[in-house]
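*Asks:* Chain by chain, the residues run as shown.
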Amino acid sequence: MSKEQKYWKFHGGVHPEFHKKESTTRPIATLKLPKRLIIPIQQHIGAIPELLVKKGDYVFKGQMIAQMHKDQLGSTLHAPSSGTIASIEKHSIPHPSTLEDLCIELILDGQDDWGDCQLEAIKDFEQCDNTKLLERIENAGLVGLGGAAFPSFVKVNSSVKQGIETLVINAAECEPYITCDDLLMRERADEIIDGIRILIKLLNPKQCLIGIEDNKPEAIAAIQQASKSFDKIQVCAIPTLYPSGGEKQLIKILTGKEVAVGGIALDLGILCHNVATCCAMYKAIVKGEPLISRIVTITGDGVKQPKNIEALIGTPVSDLVAQAGGYTSKAQRLIMGGPMMGITLSNDNTPMVKASNCFLVASTASLQQAHSIHASQAQMPCIRCGKCMQACPAKLLPQQLYWHTQAKDFERVAEHKLNSCIECGCCDFVCPSHIPLVSYFRFAKSEIRAQEKLLEKSNLSRKRHEFLEFRKAREKQERDEKRRKHKEALQKKKAAMAAKKAANGGTSANDPKADAIKAALARVKAKKIAREAQVKSGH
Amino acid sequence: MEFETDSSPFTGSTSNIASIMRQVLYALIPGIAVMFFFYGWGVLINIILAIVIALSFEVISLWLRKRPIKPFLSDYSAVVTACLFALTIPPLAPWWILMVGLFFAIVIAKHLYGGLGYNPFNPAMIGFAVLIVSFPLQMTQWIQPHFMDGYLPSLLESLHIVFNGFEVFYNLDQWDAMTMATPLDDVKIELKAGHYFSEIMQTRPYGLVSGKAWEWISLSYLIGGLWLLYKGIINWRIPVSLLFALAMTATIFGWIEPDTHPSSLFHLFSGATMLGAFFIATDPVSASTTPRGQLFYGASIGFFIYVIRTWGNYPDAVAFSVLIMNMSVPMIDYFTQPRVFGAKSEKKS
Amino acid sequence: MTNIIEISTAVFVIVGLAAFFGLVLGYASVRFKVKGDPITDKIDALLPQTQCGQCSFAGCRPYAEAIAKGEIGINQCPPGGEATILALADLLDIEPEPLNEELAKDANIPTVAVIIEEDCIGCTLCIQACPVDAIVGSAKHMHTVIESECTGCELCLPPCPVDCIIMQPIKETPATWKYPEPSDAVRALEGIKVVVETKERAKS
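Chains as they are written, first to last, in the numbering used here: chain C, 1 to 539; chain L, 1001 to 1349; chain X, 2001 to 2204.
If you're looking for bench data, these hints aren't it; they were derived computationally from the structure. Where hints are given, some of them may not hold.
Stated by the list, open to error - Result set (BS3-like, lysine-lysine): computed pairs, CA atoms no more than 25 angstroms apart in a straight line:
#, chain 1, residue 1, chain 2, residue 2
1, X, Lys2140, C, Lys457
2, C, Lys453, X, Lys2178
3, C, Lys395, L, Lys1066
4, X, Lys2171, C, Lys54
5, C, Lys90, X, Lys2178
6, C, Lys161, C, Lys132
7, C, Lys9, L, Lys1192
8, X, Lys2140, C, Lys472
9, C, Lys453, X, Lys2140
10, X, Lys2178, C, Lys408
11, C, Lys6, C, Lys395
12, C, Lys457, X, Lys2178
13, X, Lys2171, C, Lys453
14, C, Lys132, C, Lys90
15, C, Lys232, C, Lys201
16, X, Lys2042, C, Lys463
17, C, Lys457, X, Lys2171
As the list claims (entries may be wrong) - A few chain C residues facing chain X, derived, Cβ under 7 angstroms:
#, residue
18, Tyr440
19, Phe443
20, His465
Note that beta-carbon positions come from the ideal geometry of N, C-alpha and C, so glycine has one too.
Chain C on its own, in the form it takes in the complex (with noise of 0.2 angstroms):
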């Protein structure tokens, strides 16, 4: 297992500093349990799903609380501990927005009480039905762990129906700050060899590569020792460098292979997944627990004791820290994830959602690097230097971008690629005008994206305003036509009944009403005669 394996290097990456010192130093800490939760609903890519309870409602712990509907995008919520939903209202969520969501506030009751809601523990899953695992994944709430919560039974699913020839799972972990996979795989490897596992007898790929960065040496260790007797499994400890845990970077990197502008990982026969998704999957398999909680990083020089926790989804932020030790005086940032990509939060009563890898609070000052005048320089204009494109992963020219994006030439902006660009931060990392790039960008494809969504509108507008002219002018001649049809009806009749009377000609023989009308007169006349007749005779 141990065999020269061979690297492939992607473009451009930088070294920031590490700062993974800070929270290893601590074995993995339990929660205890905090008074209350704040769930959001969606914490995953995808459709909102629908909720199962409503306010007041008990549940215990591990109800599935809101369901996706099948055929779309999006994973189930289960509730992480047992307790009454006191409200389903608005709250802020982890969101560079800061913009708040729906979220269901549960308080527990402090009984962790299971009800008879734990799912049926697969201890065997070598010999179980492939569909049964999936199904099993599908209805655990399991999302990609690394921070993009994608819903792992899509990927796992897609796969399983395509067929794949490498499985990576990424366990990387290039930003600063975060060790929340390393003391996983340094505590937990036997628990992440059989996630693998399980991943491995669904898919049955070629191989498996686990990929490192060797600044992990007592993880790399751990899991080289806990996957020893499987010849698939081949741990990788690839150099160190940011944005090494990209995705697509780590496959360049593991097999020399780059994933398509567009396109996704399945289109090269490799499945990727966060070594941390993988001992949620053997959660979820072989002990029944649907995904309820994870380990966070809770880190940085603003907080007394920087250690990783298990913690309940939905757990807020200020009881993480208090666990931590609490605030010191130097808490000046909040941010979840990393320094290079994380977002901030403007306030600790947000909740940790499946996707919450790490909690940095931070002082402005220690977030810089060393010697760094980041703060204390003044944003200049771009020189051309092309540092920003010698570091881009994406081998995107960012000076251009940047050019293209003030001017507002979005047009311009998509044709540079902008969607290839994975917001990595390595270009303003090592800007010399200290100009904030991935600021630029997100604004950019968040305009495209808008612009995209008003043409979408525009034309079905279009549509169903020409649709609605249509109808009218069909309408209108549909009436026209009636109206006409109605006409010469009406004509035809009499033109029938003229061509009759022009038939019968003068003598209207068979005409009863004509032969009355003269057999009127008639009387009428020999009436008159009559009359006359004895006027005469009387004189």
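Since the structure of chain C is provided, determine the placement of chains L and X on it from the hints.
*Replies:* Then chains L and X, alone, in the frame of chain C:
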């Protein structure tokens, strides 16, 4: 607890424009030192005077454009422009030469186009080009390097010459005797007169390849340039492709007609080739930024240097070649966009 | 004599050329004849299709036709705003002009019509007014607006006899939220208004 929000990344590197520009200035030190050794105080007077004038123009332009002065003045970009410009001007040139040149460099070429980062042309080369077109005489009178007759004006004399003109000390004939054309210019004249290149190299005090002073000056620029490469301030593509293209063109023509075409070594180590390759063509603002574009850009400059030196009217050609290619940069960049990660496989499918 | 030959040669050449190019042009005009009026389609594609009639035309298509004929300026479309004007200017290669002030609404926030359902008497007048069939309902039954189809044109407001239709701004959710444009420190530093500069660039 409430926190301020911000957008990632929250961490950044240590470099900034000022530090880049400072490194470029450090890299110029060997070249300046060697030039000082050969040409005396005139070199330093040129540089100091140019810096003072350039910064004054910078301040005035920023003030007129209602831009903050401090951040743009402390980025050293005007100092770099001033130094590069000063090094291309003959030592002991009259002060107004610098004034005119830098006016075009800083005010016209840089600030009228939008200041730092927005100038399509290399400012120092604009200044130089304007001068060589307008004042060819003053721009080609280089005093003889000291080994030629062992005499260089003292500091005070130099200052007098710069500000009051050479007439204070010398009459025209004496001044003519003191100055000479650069080897590049001289060889051109001699070749036109019908002499062979090999003959010229032997009969004139030209040292090993391109004139005793110039080969050392070029070598020191090369050293400074290599240091910049080592520091990662500049990229190898432009200097390497420029020197390679120039050398190849010279070799090909030298091979066809060796008698009338100077060798490639002569081209590489004379005039402003090295300065141009490492310090001028690599000016990021006006150069191409795509990898393939940089190769094309550098190679084209090298080619044009040869063409203009050989068949043009001016002795040196770095300024014109750089300016010609500056013009083509937007087009080069457009047509040489690199393959985006995963883009090739997209075409396949 | 040579004069006459020269002159007649020249005349022949010119006439020949004229005939040749005439034929080429004539052929081209037949061969490459464009059916329909693509410019109207192109203009129409850039209009927001709210069909609101604020431009004084009965819908977007008639306005597009009027622009194509050069009868009216490109600045008559309030829902499209500056973006549409810039896009039209770009398409037609003319100077962008500011939006017609008489038409400009107070704020260009996208809105949708909402029927206050308890007040609705089911008169179907709004249904007939809607240009995109976004209102459903039948006589003497309550009507409702399909939010995703509504263009916010406000054409249903005047016909309603009981004024039970109101316009509501579309609420921003995390899903529809847009990243703001970074406040450009340099520009703030340089004291340039962003809008002015983009306009200048758009013009150039």
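*Asks:* For every hint, state whether the structure bears it out.
*Replies:* Against the structure, the hints:
no. : hint                 : verdict
1   : X:Lys2140 / C:Lys457 : violated (30 angstroms)
2   : C:Lys453 / X:Lys2178 : holds (12 angstroms)
3   : C:Lys395 / L:Lys1066 : violated (38 angstroms)
4   : X:Lys2171 / C:Lys54  : holds (24 angstroms)
5   : C:Lys90 / X:Lys2178  : holds (19 angstroms)
6   : C:Lys161 / C:Lys132  : holds (15 angstroms)
7   : C:Lys9 / L:Lys1192   : violated (54 angstroms)
8   : X:Lys2140 / C:Lys472 : holds (22 angstroms)
9   : C:Lys453 / X:Lys2140 : violated (35 angstroms)
10  : X:Lys2178 / C:Lys408 : holds (15 angstroms)
11  : C:Lys6 / C:Lys395    : holds (22 angstroms)
12  : C:Lys457 / X:Lys2178 : holds (17 angstroms)
13  : X:Lys2171 / C:Lys453 : holds (16 angstroms)
14  : C:Lys132 / C:Lys90   : violated (36 angstroms)
15  : C:Lys232 / C:Lys201  : holds (11 angstroms)
16  : X:Lys2042 / C:Lys463 : holds (15 angstroms)
17  : C:Lys457 / X:Lys2171 : holds (17 angstroms)
18  : Tyr440               : holds (6 angstroms)
19  : Phe443               : holds (5 angstroms)
20  : His465               : holds (5 angstroms)
Of the numbered hints given earlier, the model fails hints 1, 3, 7, 9 and 14; all others are met.
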